[in-house]
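Please take these sequences and the hints and turn them into a complete structure.
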Amino acid sequence: MCGIAGIWGQIDQTSVKKMMDTLIHRGPDAEGMFVSPIKAGVLGHRRLSIMDPQGGNQPIYGDRKARVIVGNGEIYNFPQLLPQLAERFKFRTKSDTEAILHLYEDQGIESVDQLDGMFAFAIADGDKFFAARDPIGIKPLYYGKKDNAFVFASELKAIANFCDNVQEFPAGTFFSSETGFSTFYQVPDIQPEVDADAEALIREVRETVEESVVKRLMSDVPLGCFLSGGLDSSITTAVARQHIEKLHTFSVGIEGSKDIKAARLVSQYLDTIHHEYLITPKEVQDKLPEIIYSLESFDQDLVRSAIPCYFTSRLAAEYVKVILTGEGADELFAGYTYYKGIPDNDTLHRELRRSVTSLHNINLGTCGKIEYQSL
1 MCGIAGIWGQ IDQTSVKKMM DTLIHRGPDA EGMFVSPIKA GVLGHRRLSI MDPQGGNQPI
61 YGDRKARVIV GNGEIYNFPQ LLPQLAERFK FRTKSDTEAI LHLYEDQGIE SVDQLDGMFA
121 FAIADGDKFF AARDPIGIKP LYYGKKDNAF VFASELKAIA NFCDNVQEFP AGTFFSSETG
181 FSTFYQVPDI QPEVDADAEA LIREVRETVE ESVVKRLMSD VPLGCFLSGG LDSSITTAVA
241 RQHIEKLHTF SVGIEGSKDI KAARLVSQYL DTIHHEYLIT PKEVQDKLPE IIYSLESFDQ
301 DLVRSAIPCY FTSRLAAEYV KVILTGEGAD ELFAGYTYYK GIPDNDTLHR ELRRSVTSLH
361 NINLGTCGKI EYQSL
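Numbering (full-length UniProt numbering), first residue to last: 1 to 375.
Everything labelled a hint here was simulated from the structure, so no lab data went into it. Quantities reported herein were computed from a predicted structural model and do not represent experimental measurements. Misleading hints may appear alongside valid ones.
What follows is a set of in silico ranges between Cβ atoms, one per label pair, in the way DEER data are often shown [as the list claims (entries may be wrong)]:
{"no.": "1", "residue 1": "L288", "residue 2": "I342", "range": "30 to 36 Å"}
{"no.": "2", "residue 1": "Y269", "residue 2": "E204", "range": "23 to 29 Å"}
{"no.": "3", "residue 1": "K246", "residue 2": "P188", "range": "16 to 22 Å"}
{"no.": "4", "residue 1": "Q13", "residue 2": "E255", "range": "46 to 52 Å"}
{"no.": "5", "residue 1": "K128", "residue 2": "A30", "range": "22 to 28 Å"}
Okay, derived cross-link-like pairs now, DSS-like style, lysine-lysine, Cα gap no bigger than 30 Å in a straight line [claimed, not checked]:
{"no.": "6", "residue 1": "K128", "residue 2": "K65"}
{"no.": "7", "residue 1": "K39", "residue 2": "K65"}
{"no.": "8", "residue 1": "K157", "residue 2": "K146"}
{"no.": "9", "residue 1": "K146", "residue 2": "K128"}
{"no.": "10", "residue 1": "K94", "residue 2": "K65"}
{"no.": "11", "residue 1": "K39", "residue 2": "K18"}
{"no.": "12", "residue 1": "K246", "residue 2": "K340"}
{"no.": "13", "residue 1": "K128", "residue 2": "K145"}
{"no.": "14", "residue 1": "K157", "residue 2": "K321"}
{"no.": "15", "residue 1": "K246", "residue 2": "K157"}
{"no.": "16", "residue 1": "K258", "residue 2": "K287"}
{"no.": "17", "residue 1": "K246", "residue 2": "K282"}
By construction, the Cβ of each residue, glycine as well, lies at the ideal position given by its N, Cα and C atoms.
See below:
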């Protein structure tokens, strides 16, 4: 939803401003910067307003303005956190990012365990610095070093010119200027129960999927769904349609595409407001340099999957600000063809765990970067 950038360990407003300019596609609605009064560092933010469009500009300050946050993402248990935090802290916005800051003020670095959502954020706390990335790595974050200062940004291209060695900020990890990197989440290695009741498991999966979709409908701006006509996006759209009366759906493909036809059928069945766009080979050729630049990768598989994502995002941006995609379902439910060749359940379980752990480098990274570029 936004872009963050900063340098901790020196004051360099010019460099942070350049990084923020590179991230303008991630946050066209507003720009903000915090410069530490004790010359500890600089935090920058580019905003795409989803929650509290009028009052949620960042950086956001804590009580007595002693602590400051810039964040990208959404906290799904914000409504549950708000009552307990409101007893101790005065909220100045309706933004879930402010809840992250107050939770940190209340519980310190362990507060990240309480967050249910997708996020990448950085907090200035006097001369201390704290940053974290969500458990699966849905929201991107990169870091590097410059003259012993810690440099970070939402995209690789934003800091590539400022650091010699840029690395991905690990998913499920936080960084403290006092203690360094610490892992707070790993995908659990839970072996499935062989004798479990099938009907009970089916019911639990359905309830979990529905809950997962519904909590992502939290938005103060228009929301829609990518719809390819496949199981993943169709299920996501079906659940969302139960809660949104006028739901926009979006599909792209070439003339005669089976996906286009399937998406039309699903849209008609669910009664969505459907939009589609037919891509030509010439358009793909013309836009390929821009797609690769946005993707920050030459990997042919990633580029191939990014092409339809780019054109669907560009279409959706004309109507909505938030999109549900259905990404990650193939990794969770063994949807790819190669899974069929795995010989036994234990091996399949290990491969699915590896797939989910790698999501931030594959589907989630592809969609996130391409969608922002289309805003």
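In ascending order, which of the hints set out earlier in this document are inconsistent with the structure? Numbers 3, 12, 15, 17, in rising order.
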